[in-house]
Amino acid sequence: MESVRFAAKFEFLDEIREFVGVVARQGGFSEKDIYNIQLATDEAASNMIEHAYENIPDGVIDLSCGMEGDHIRIVLIDYGEPFDPSAIPLPDLKADLSDRKIGGLGIFLMRKLMDEVHYEPRPDKSNVLTMIKRKR
Amino acid sequence: MEITVKEFKHCDMITVNGRVDSSTAPQLAQALEAANDGGKYKLVVNMEGLEYMSSAGFRALLAAQRNCRRYNRGEVVLANVPERIREALELAGFTELFKTFDDSLMAVGHF
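Line by line, the protein sequences give chains A and B.
In terms of the numbering used here, the first sequence has 33 at position 33, counting the first letter as 1, and numbering is strictly consecutive.
In terms of the numbering used here, the second sequence has 1 at position 1, counting the first letter as 1, and numbering is strictly consecutive.
Treat the hints as calculated values from the structure; they're not laboratory data.
Since no wrong hints were added, every one of them can be taken at face value.
Okay, derived cross-link-like pairs now, DSS-like style, lysine-lysine, Cα gap no bigger than 25 Å in a straight line:
(1) B:K9 / B:K40
(2) B:K99 / B:K42
(3) A:K112 / B:K99
(4) B:K6 / B:K40
(5) B:K99 / A:K94
(6) B:K99 / A:K32
(7) B:K6 / B:K42
(8) B:K40 / B:K99
(9) B:K42 / B:K9
Extracted from the complex, chain B is given alone in its bound form (with noise of 0.2 Å):
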């Protein structure tokens, strides 16, 4: 698993390539917190590149959406979520709680 950080004007977009599982989840969860502590709380999860899933990254981006809407000061939004992947974060409840953009530069424009 990769992850890259760029930044905009009124977002981070945090780009997670390769898999996600209880292996490599922990630096995901460390990616969003970092971002958090950078007083970034409007985060653009780009998934493109990303093969694989588990709840181990569920949780993740459920403890990150937590702490982002928090004081209304954001949210975490997804973009470009892979099919496999969608179909489980469905199946798990939590399209309902992450806004989700099929292009990622509509998802960093939602801001």
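Only chain A is shown next, with the shape it has when bound in the complex (with noise of 0.2 Å):
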């Protein structure tokens, strides 16, 4: 696995991206799948600078990402706040205009584009949440 240590800010986004993209690529993974690979893991590092960060400036995001056979693992650490994506409410996705709450889409996106999300707060104070998606 290749790792990358990113500041926990907004404008590496692109780069967090790029980073995931290229793994996916070079393991065989289809365009739709590799962009959905990057928005996930965007929706992932957007929710950790967004909530784990909120209050703690210079957090930063550790980035692990390779092929384990027919799958892409993604891992991403941080070293803030916890917090449980399926502690999140899931959207309703049927409800009207005027009700549709703005939260919890992310998460949502994470979970429909990938095989599997695992978040694990450690004793350490550190996040991991790894997340794991098949080729078909």
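Starting from two chains that each stand alone, build the complex the way the hints lay out.
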């Protein structure tokens, strides 16, 4: 697995998407899957920047990514406030415009676009988000 | 990301190029709000040159749609939505909230 540390700032989302995109492309994913892997990773990193590091300046995100057999494994680690994606209620996609909730959409997309999403807050104060997508 | 605004007789067309993510979505939100502040509520968002849009962009569109549709004074419609972005919008249940057109002039003609 290749690893890179990014400053937890939105301006690095381009590079974060590029990093996982290169691995997914080398791994033989379709253009559609590459886009979706990049989107899921963007949503994961955006959530960390927005929530885990909400009140913490100078946060970092450690991003690792690699192929393992027929699937890609993407691991994002933050050192901010634990933020369990599964604790966020899913958006009601049938709700009318006026009732549509703004939050939770990124997590919903992560779960829909990837085959597995795991979140693990560790005793050393790191929070590890692992996502897996298989080639079809 | 680049935004250009073109005024038509019955609507404004906001053309978004490049990539919309959490970093650039505030600019899109700002452009949509600026149109509303100018009394424009009939908006075409032309996505012909759009390469990428995350949920941050979806949220900006949703906020604008709410504001435009209030009092039945208008709406936001989408034109030339690239395939990948349309798939993500569909997944998020957003395609039911926006009329979409394959052609920007057809979208303009809708108003």
